[in-house]
Structure formats: structure tokens, C-alpha cells
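> The residues making up each chain are set out below.
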Amino acid sequence: AQSVTQLDSQVPVFEEAPVELRCNYSSSVSVYLFWYVQYPNQGLQLLLKYLSGSTLVKGINGFEAEFNKSQTSFHLRKPSVHISDTAEYFCAVSDQFIRGAQKLVFGQGTRLTINP
Amino acid sequence: SQTIHQWPATLVQPVGSPLSLECTVEGTSNPNLYWYRQAAGRGLQLLFYSVGIGQISSEVPQNLSASRPQDRQFILSSKKLLLSDSGFYLCAGRRRDTEAFFGQGTRLTVV
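These protein sequence lines map, in sequence, to chains A and B. The letter at position 84 of the first sequence is residue 70 when you use our numbering, and the numbering goes up by one with no holes. Each position in the second sequence, counted from 1, maps to that position plus 55 in our numbering.
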């Protein structure tokens, strides 16, 4: 089974400052990794994904993440944040079993608050 | 593109009443389907998943059930709601080896 730990429940940042949201996972098999963003009372929107290939993944809205297999991490970064980035961010992992349900397991979320 | 329609957006139900939440999928066939619940200030808890018509797996024992009568239809039900069933319910779909896509969610308040 997989598990995900998001190390920070809340991250306050000033506008135009850089930000890093941390995510560590645990799994005994190869995994897929995802970051999703959730705005209040809405569903989840995919920010970026790691399925295979380059470990540095670029997503929407200027976000990027790096898959580090040795440290079992998938931290999310943005060099300069905007007020509109204020939201809840979720890291998620699934196994790669072809015949399995490939269930997505989520972390507890990180609330990113951008202050002017 | 793949889309999930989920309704209603909000629902207030008395304790002991039945529940039926439905989601339908567009833009893809034979997806895996999932029901998640999000309690206030917490992450997403997987409740049920389905890999095909009539195939339902439960992740946690609870007062809810799920059904998949058609390939693109996934229903979450309860015969008698409890206060603890309140939360934000999300339906998700996923083709194998890709990302999941989500509905807009249903805010359920049991009073």
C-alpha cells in the first residue's frame, strides 16, 4: 500500500516570493505521482504529474515538481507566487499495477496563503 | 476531454433519511471510478472504487454503499444518513496509467 505525507499543513507566503510545498511518499512498488489544486467548494484540478521520463516535471500556472526516488519525495515549487495561487494543494500517489485499480492515495493537503 | 458531472452541488438532509448521489462520465469509456469524502480541514478519504460495471470495492466500513449500473455512471447511496456522513463528496474517474479527473463535488450536510 502507498501513503503520502505533506509536511506542512499551512504555508503563508508573500506575493512574488518563491514557495516550496513538500511531499514525501511511501511505497514498495513503482509509483505515479501527482499534484492537484483545490479552490474553495470545488473539485480538484491537476497541476502536474509524473508518470515516467524526466524527473523534473512542469505543470500549469508556473508550477514545477521534481521526483526524487532516493528520497521518496515530490516537492512542488513556484519561483514567484500570485494572490490567485491561494488554495489547497494535494499530493497524490498511485501504484503502476496494470491490472489493479490504481487507486489514488492523497496527502492531508497544504493550505497555501498568499499575502500582499 | 474527460468530464465528470456530479450533482447536486449542495444537499441538506435530516438524520435517518436516504441518500443518492450520482456522477456521470463523458469523454472516455471504461474508466476506473472512485468516490472520495473530504471532511473539513482534512485530506481525501477513498470510500469506494470500481473497475467495471457492477464491480464495487469498499475501502472503509461505513453507512454508505456504491453501485455502477452503467459504464459511465457511479452512484453513492445510503439507506439512513448519520450526522457523521456530513462532508464534501467527490467523484473521480481515471483511465489506467493517466491522471484522475474530478467532478465539482457535493457538499452534504446532515442535520
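No wet-lab data here; the hints were simulated from the structure. Everything numeric in this text was worked out from a predicted model, so none of it was measured. Mixed in with the good hints, there may be bad ones.
What the hints assert, rightly or not - Some but not every residue of chain A turned toward chain B, in silico, with C-beta under 10 Å:
| # | residue |
| --- | --- |
| 1 | Val(-10) |
| 2 | Asn47 |
| 3 | Val91 |
Said to hold, decoys possible - So the derived list for chain B, only partly shown, Cβ under 8 Å to chain A, looks like this:
| # | residue |
| --- | --- |
| 4 | Trp62 |
| 5 | Arg97 |
| 6 | Arg123 |
| 7 | Lys134 |
| 8 | Lys135 |
| 9 | Leu145 |
| 10 | Asp152 |
| 11 | Glu154 |
| 12 | Gly158 |
| 13 | Gly160 |
| 14 | Thr164 |
All C-beta atoms in this analysis are idealised placements derived from N, C-alpha and C, irrespective of residue type, glycine included.
> Could you tell me which of the numbered hints above are not met by this structure, giving the numbers in increasing order?
As far as the earlier hints go, 2, 4, 6, 7, 8, 14 are violated by this structure, in ascending order.
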